[in-house]
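Residue numbers (the numbering used here), protein chains in the order written: chain A, 714 to 828; chain B, 109 to 223.
No lab work stands behind these hints: they were computed from the structure. One thing to keep in mind: the hints can contain errors.
[Stated by the list, open to error] In silico lysine-lysine, DSS-like type, Cα no more than 30 angstroms apart, as pairs:
1) A:Lys715 x B:Lys165
2) B:Lys109 x B:Lys165
3) B:Lys121 x A:Lys827
4) A:Lys783 x B:Lys109
5) B:Lys121 x A:Lys755
6) A:Lys780 x B:Lys165
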Amino acid sequence: QKEVEQDPGPLSVPEGAIVSLNCTYSNSAFQYFMWYRQYSRKGPELLMYTYSSGNKEDGRFTAQVDKSSKYISLFIRDSQPSDSATYLCAMSGVRYGGSQGNLIFGKGTKLSVKP
Amino acid sequence: KAGVTQTPRYLIKTRGQQVTLSCSPISGHRSVSWYQQTPGQGLQFLFEYFSETQRNKGNFPGRFSGRQFSNSRSEMNVSTLELGDSALYLCASSLAGADYNSPLHFGNGTRLTVT
Numbered sequence: 714q715k716e717v718e719q720d721p722g723p724l725s726v727p728e729g730a731i732v733s734l735n736c737t738y739s740n741s742a743f744q745y746f747m748w749y750r751q752y753s754r755k756g757p758e759l760l761m762y763t764y765s766s767g768n769k770e771d772g773r774f775t776a777q778v779d780k781s782s783k784y785i786s787l788f789i790r791d792s793q794p795s796d797s798a799t800y801l802c803a804m805s806g807v808r809y810g811g812s813q814g815n816l817i818f819g820k821g822t823k824l825s826v827k828p
Numbered sequence: 109k110a111g112v113t114q115t116p117r118y119l120i121k122t123r124g125q126q127v128t129l130s131c132s133p134i135s136g137h138r139s140v141s142w143y144q145q146t147p148g149q150g151l152q153f154l155f156e157y158f159s160e161t162q163r164n165k166g167n168f169p170g171r172f173s174g175r176q177f178s179n180s181r182s183e184m185n186v187s188t189l190e191l192g193d194s195a196l197y198l199c200a201s202s203l204a205g206a207d208y209n210s211p212l213h214f215g216n217g218t219r220l221t222v223t
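Build the full structure now, drawing on both the sequences and the hints.
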């Protein structure tokens, strides 16, 4: 079983739709959870960064973490064609400093928002 | 503030050669991490440097090495290139210190093709 599972899609939605992206994980030591967006020929761009369980909202984006179910989600409201990209979940289990640079990534979900 | 800068953007090498990739982190960031991204394996952690010291290493052969300079800039080297080393190599930086966690910010990568 992979440490982080993410449906690769592709996912195609009409403009204005609510998009739900998800990852499951197996390692209960993970504490920090991130969502990155990656456009073609670009590096991953940090969208959301959360610690432990709960919700975090930033504009049209909401990240949810359910540690009891080992499940994280990213919701995109009022999706736009410019949201078309690959979305990567990532997580780490370092509590204090140490090797914070070692993230475990999902394989990414390719999203296409049609006008 | 300038982002993470990686040079060169594209590189074509022949099997058996060696290559050096360069990364300039965001100003003030002291930690630099390197990742390899391929369609089959996704993003995989190579190594992380903090204050010129390697503090974690992923599961890659010894042909992959890196270093960090006193100004936090980093280089990674791959010796005796193999066809399977063809990938997007991503550098990421963070504020990461000894007592707190901070998210990674990625550059746009170096696309290495080995023929």
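Hints, verified against the model:
Among the hinted pairs, Lys715 of chain A with Lys165 of chain B is consistent with the structure: their alpha-carbon atoms are about 19 angstroms apart, no more than 30 angstroms. The suggested pairing of Lys109 of chain B with Lys165 of chain B holds, with an alpha-carbon distance near 29 angstroms, which does not exceed 30 angstroms. Between Lys121 of chain B and Lys827 of chain A the alpha-carbon distance is near 38 angstroms, which puts this suggested pair outside the 30 angstroms criterion. A hinted pair counts as satisfied when its Cα atoms are at most 30 angstroms apart, and Lys783 of chain A with Lys109 of chain B does not qualify at roughly 36 angstroms.
A hinted pair counts as satisfied when its Cα atoms are at most 30 angstroms apart, and Lys121 of chain B with Lys755 of chain A qualifies at roughly 21 angstroms. Between Lys780 of chain A and Lys165 of chain B the CA atoms are separated by roughly 27 angstroms; this keeps the pair inside 30 angstroms, and the hint holds.
In the structure shown, a violation is registered for the earlier hints numbered 3 and 4, in ascending order.
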